[in-house]
Amino acid sequence: MAELLKSREFNLAVMIIFFCLTFFPYFLSIPGYDVEKNISSKVQLIVGLITPFTVILAIYSQYRRGFNAFNKRQRGWWLKVYMLFCIASMLIFYVVWGKLSGPYYWVTLAVISPLSTINYGVIFFYMASTTARAFKARNLKALLLLVAGFIVFMDQAPLTGLYTTIFNPVAVFLNDTLVGSVTRTFTICSTIGGLVYGVRVLLGLETGAMGVTEKKEA
Amino acid sequence: MPALFTVPGIVSGRFLGLILNILIFIVVWIFIRNPKPVHIRRVPGLDAIDEAVGRCAEMGKPFVFSPGIASSFGYWTVAALSVMGHVAKLCVRSGTRFIVPLGGADGVAIVREVAADIVKSAYTLEGRPEDFTMDDLPFLSGQQFAYAGGFVGILQRVRPGATILLGGMAEAMSICEVSNAVGAITISAGSYISNLAVLACASDYILIGEEEPAAGAYLSDNPRQRYSIRVQDYSKWIIIAMVIIGIIFVNMGNPFFKNLLAT
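As they're listed, the protein sequences go chains A and B. Just so it is clear: in the first sequence, position 99 is 99 by our numbering, and no numbers are missing. Just so it is clear: in the second sequence, position 10 is 10 by our numbering, and no numbers are missing.
Hint data in this document are derived by calculation from the structure and do not stem from the laboratory. All the pointers check out, no bait thrown in.
Here are the simulated lysine-lysine pairs, BS3-like style, with alpha carbons at most 27 Å apart: (1) B:K120 / A:K72; (2) A:K141 / B:K236; (3) A:K42 / A:K6.
Derived, one-sided and incomplete: chain B residues facing chain A with beta-carbon distance under 8 Å: (4) G9; (5) I10; (6) V11; (7) G17; (8) A109; (9) I193; (10) V198; (11) A202; (12) A214; (13) A217.
No experiment lies behind these values; they were computed from the predicted model shown. Here a beta-carbon is modelled for each residue, glycine too, at the ideal position from N, C-alpha and C.
Go ahead and model the full structure; you've got the sequences and the hints to work with.
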């Protein structure tokens, strides 16, 4: 049975059935059949059920990795111990006092939320560092990008943006015209790539979606 | 926009879409049945994969690969899994440790099983099934920030020789920058436009637009897969022609083309 469930043909057949169930009703008007209220909602429900398992999987995975790190005294093992202690504490807080009051609520409000903002600070730092690296015009294309980036940057920066309007017309043009067309081009290319890729998957050529790696064809 | 005409049995406004979809399916079908040797332009990001694996093998460092957070489980994720199969085989063949940190969204719980099967298959096909371990496919968290934190932690600890980030990514900026900081070759794919600019700056190589969905076919030695990429090029020419015709019609004040697209 396990062999059958893992076989390429079985997976392909399931994929084709679900493809037909969602693809054709989208285009064809079938009386009394609403694709969004039938197949899609049922599939979404199944995916929704996975969420609780994800939490359990994450806890299991973290404990497993944490114990491994502790046993082998890997670098930073004491951080793992602290993390596992926090996971256990939060679980207990949640079960005993609930989510909307007590220590769970306090930790979320007073510790987790403020600490989460660190992520944004880190991203800001990385953005600045990357931008600084990008400010090197090695060829004509890079120079054009750099000039365009500089104009948009100057228009949006608080000081220049507020006190001078020199950069505004060009920045608006770049944002509205060039960025708009580039976004559409990106979307069109990605969609076509996705369509052709989907056909390859349905024809059984791309086996990655089924969790199978194939040997080279002779 | 009013449609030019309606076809009985087909939802109004979706006729042209159905025709285009069927047309692409038929053309790909014909192409893969009669494959011909085809020249595909080199994609530096994909060519660099072999170099990256070789670098890891030479330096004795692990290879870190992420198929993304699969927040919507779109074709980006599935395409990333196709590339992962190829990279996993190369790593197993060269004796490089292959690490796949998973998480970032609840959908990754499904991806995890598929990814494990792919990596396991790669080990089995290369004759080393006993070397496969689930410890190298850690599920970090279903939450975005926790996943990014865990991923960055792995990069800091194992100091990989190369990192590949495909599929939809969470906190790609942080991960790319740390990967850069630990001296790893970084290859990423911009699955949405607002991510492209920062990833282009932070990565050594980047895959743009349709390059990621085509990557599996590009990397495979299967002539049928490679020939199907040509359909993408033809489709793009058709779209470009449609855009030009549309511009002409709109500027002439003729609504025919807009109505045709709404059919």
